[in-house]
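Using the sequences provided together with the hints, build the complete structure.
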Amino acid sequence: MPSLETDNEQDDIATRTLQGSIYTITAAIITLILGLIRLVLLLKFLQPDQFGVVTQALLIVNFTTLFSLPGLDKALIQRQSISKKGVLPTYFTLRLGLVLIVLSLLLVLTPIISRFYSDFPLLAVILTAVLFIDVIKALNSVQETILSRQLSFRNIAIANVVSGFVMTIVAPTLAWQGWGAWSLVAESGVGQLTRFLIFWLLARAWTPRFGWDREIARWFYAFSIKIWGGISLNFILDRFDDFWIGYALGKTPLGIYSQAYAFARYPRRIIAAPILAIFFPTFAQLRTDRKRLSIAFSRSTSLMIRAGFLFSLLFILTASEFVTLLGSKWEPMLIILQLMIVYTLLDPLAAGANSLLVAIGKPEIVLQIRSVQLLIFIPAVILLGWWQGIAGVAIAANVMVFIGMVISFRYASRFVDFSVKQLWLWPSVAVTLTITAVFLLTPLWATVNIWLIILAKLLVISTLYLGCLWLSEKEQLKADWQLIWHKLRSISTK
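With the UniProt record's numbering as the guide, the letters of the sequence shown map in order to residues 1 to 494.
Just so you know, these hints were derived from the structure itself, not from any lab.
Some hints here could point you the wrong way.
[What the hints assert, rightly or not] No farther apart than 25 Å at their CA atoms in a straight line, the calculated lysine-lysine pairs in the BS3-like style are these: (1) K291 <-> K84; (2) K457 <-> K329; (3) K291 <-> K74; (4) K137 <-> K74; (5) K362 <-> K226; (6) K74 <-> K85; (7) K44 <-> K474; (8) K44 <-> K226; (9) K137 <-> K226; (10) K478 <-> K291; (11) K291 <-> K226; (12) K478 <-> K74; (13) K137 <-> K291; (14) K421 <-> K478; (15) K474 <-> K291; (16) K457 <-> K474; (17) K84 <-> K74; (18) K457 <-> K421.
[As the list claims (entries may be wrong)] Label pairs and their computed distance ranges (CB to CB): (19) W424 <-> E364: 21 to 31 Å; (20) L433 <-> I82: 55 to 65 Å; (21) L471 <-> Q368: 39 to 49 Å; (22) L105 <-> R209: 19 to 29 Å; (23) P111 <-> E321: 27 to 37 Å; (24) W386 <-> I101: 35 to 45 Å; (25) L433 <-> G327: 30 to 40 Å; (26) S81 <-> V358: 21 to 31 Å; (27) A284 <-> W424: 22 to 32 Å; (28) S371 <-> P443: 21 to 31 Å; (29) S413 <-> S371: 18 to 28 Å.
Think of the CB as a built atom: it goes at the ideal place given N, C-alpha and C, for glycine as much as any other residue.
Written out as structure tokens, the structure reads:
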């Protein structure tokens with residue numbers, strides 16, 4: 001029978017975890033808003049090719065750091081105890097040592113790599129700058145990982161928010177002053193420097209020191225190598241399109257596509273991430289209770305579909321006005337944004353189904369799904385990109401996420417029960433009616449000031465879509481809201 005001391009310790013961990021959820025979700029919302037503001041300002045001040053150069057440099061560095069075993073951080077969090085002498089020094093030595101070795105090798109190879117990108121004249125110097133920033137990032141990850149293990153989510157949230165504010169001030173200001181691509185490098189640099197000051201001076205969880213224990217190092221390596229394949233697979237699936245565009249089409253198409261893709265992922269970050277942060281622990285707790293797990297999954301998915309469809313409608317149907325405000329240099333991005341409507345609608349839902357599979361202890365299924373997506377995505381990107389340029393790559397992304405979502409939901413149906421009709425029918429009807437109404441009003445939009453068009457579209461879209469849902473499923477919307485409100489209140493009162 002567990003002791004009272006053990007029970008109290010478990011209660012304390014649960015309380016700190018729930019409180020950490022509030023800090024994490026709040027910080028995520030703030031940083032997302034700041035990130036969106038920053039991105040819009042940078043798009044206004046910079047050229048597509050400047051985004052393309054920095055995107056390519058970040059892609060090369062991030063790919064290289066895959067070989068420094070990024071799973072070491074998860075290994076430290078998962079380790080049962082770190083009180084044994086030598087655990088943290090060995091982790092620190094291994095983490096920093098591998099990063100320095102890998103990045104030093106990349107630094108030596110930079111002149112050779114840049115020769116393959118004749119369309120990227122600044123790539124070598126920007127790549128060098130990003131390398132040094134990544135060393136700071138690795139140092140920050142050490143303290144952040146230890147803070148996460150200690151459940152000190154408040155300090156992590158503070159670092160995220162403060163660095164977000166600093167980046168939002170510095171990067172657009174430099175872009176406005178004509179720094180070009182270097183303003184994007186500075187965005188990353190000041191963000192990591194701000195986090196360094198917070199993690200290493202104001203909220204340091206551990207005083208660094210080097211050390212080495214062969215047995216502990218072997219354990220870290222064994223754990224990290226097990227998840228290395230999954231991490232690498234996810235990276236390739238997420239970034240192969242950027243790689244191919246940069247190599248085959250050049251920096252300007254890469255800049256346009258990468259920013260359209262950044263906008264297309266906002267529904268997942270704004271809608272799916274907060275909802276799943278609330279429901280993921282519930283999925284894990286109910287994994288042996290199919291009935292209650294089915295209810296939780298249906299409610300969370302229903303909410304993501306309805307909120308995600310609204311966000312996607314607002315995003316896609318105002319894209320033409322948004323691009324017009326950014327200037328003619330970004331006009332090619334409009335067709336990409338419109339083509340990626342399938343991605344913006346379905347990506348959050350695929351994330352939800354995959355989250356369920358991980359929560360119930362089936363991560364290998366998610367890995368299989370991602371493998372199938374990769375086998376389809378790589379040839380689709382090459383063939384469709386060769387045929388239609390970045391528009392073809394956008395279509396390939398749609399195909400990839402659609403197939404992934406279908407497979408994810410088929411696997412999810414083995415563990416939960418849900419009604420496809422109940423989840424999809426009325427949101428689909430509402431979307432169809434809203435899109436039809438907006439296009440029927442097209443002649444009216446042409447006679448109005450662009451800012452009034454945006455406001456009018458936002459009002460019409462929200463009213464029609466939400467009105468249709470309210471008339472068709474008022475009771476379900478009330479139940480979904482009450483469930484979310486109950487969970488938020490239960491977290492805040494812990």
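Structure-based check of each hint:
1. K291 <-> K84: 43 Å, violated
2. K457 <-> K329: Roughly 24 Å separates the two Cα atoms, so the pair holds.
3. K291 <-> K74: With a Cα-Cα distance of about 32 Å, the restraint between K291 and K74 is violated, given a limit of 25 Å.
4. K137 <-> K74: Holds, at about 16 Å.
5. K362 <-> K226: Holds. K362 to K226 sits at ~15 Å (cutoff 25 Å).
6. K74 <-> K85: 19 Å, holds
7. K44 <-> K474: Violated - the C-alpha atoms of K474 and K44 are around 41 Å apart, more than 25 Å.
8. K44 <-> K226: 43 Å, violated
9. K137 <-> K226: Roughly 23 Å between the alpha carbons, so the hint for K137 and K226 holds.
10. K478 <-> K291: 21 Å, holds
11. K291 <-> K226: Since the Cα atoms of K291 and K226 sit roughly 33 Å apart, the hinted pair is violated (cutoff 25 Å).
12. K478 <-> K74: Given that 25 Å is the threshold and the Cα spacing comes to 38 Å, the pair is violated.
13. K137 <-> K291: Measuring from Cα to Cα gives roughly 44 Å; hence the hint is violated.
14. K421 <-> K478: 19 Å, holds
15. K474 <-> K291: 23 Å, holds
16. K457 <-> K474: Distance ~24 Å between K457 and K474 Cα, so the pair holds.
17. K84 <-> K74: It holds: about 18 Å lies between the C-alpha atoms, which stays within 25 Å.
18. K457 <-> K421: 28 Å, violated
19. W424 <-> E364: 21 to 31 Å: Because 28 Å falls inside the window, the suggested range holds.
20. L433 <-> I82: 55 to 65 Å: Since L433 and I82 have Cβ atoms about 56 Å apart, the given range 55 to 65 Å holds.
21. L471 <-> Q368: 39 to 49 Å: Since L471 and Q368 have Cβ atoms about 41 Å apart, the given range 39 to 49 Å holds.
22. L105 <-> R209: 19 to 29 Å: Holds, since L105 and R209 (Cβ atoms, about 26 Å apart) stay within the stated range.
23. P111 <-> E321: 27 to 37 Å: Because 44 Å falls outside the window, the suggested range is violated.
24. W386 <-> I101: 35 to 45 Å: Once the Cβ atoms are compared, 37 Å apart, the range 35 to 45 Å for I101 and W386 holds.
25. L433 <-> G327: 30 to 40 Å: Holds: the Cβ-Cβ distance is about 33 Å, inside 30 to 40 Å.
26. S81 <-> V358: 21 to 31 Å: 24 Å, holds
27. A284 <-> W424: 22 to 32 Å: 26 Å, holds
28. S371 <-> P443: 21 to 31 Å: The hint (21 to 31 Å, Cβ to Cβ) is violated, given that S371 and P443 are roughly 49 Å apart.
29. S413 <-> S371: 18 to 28 Å: 20 Å, holds
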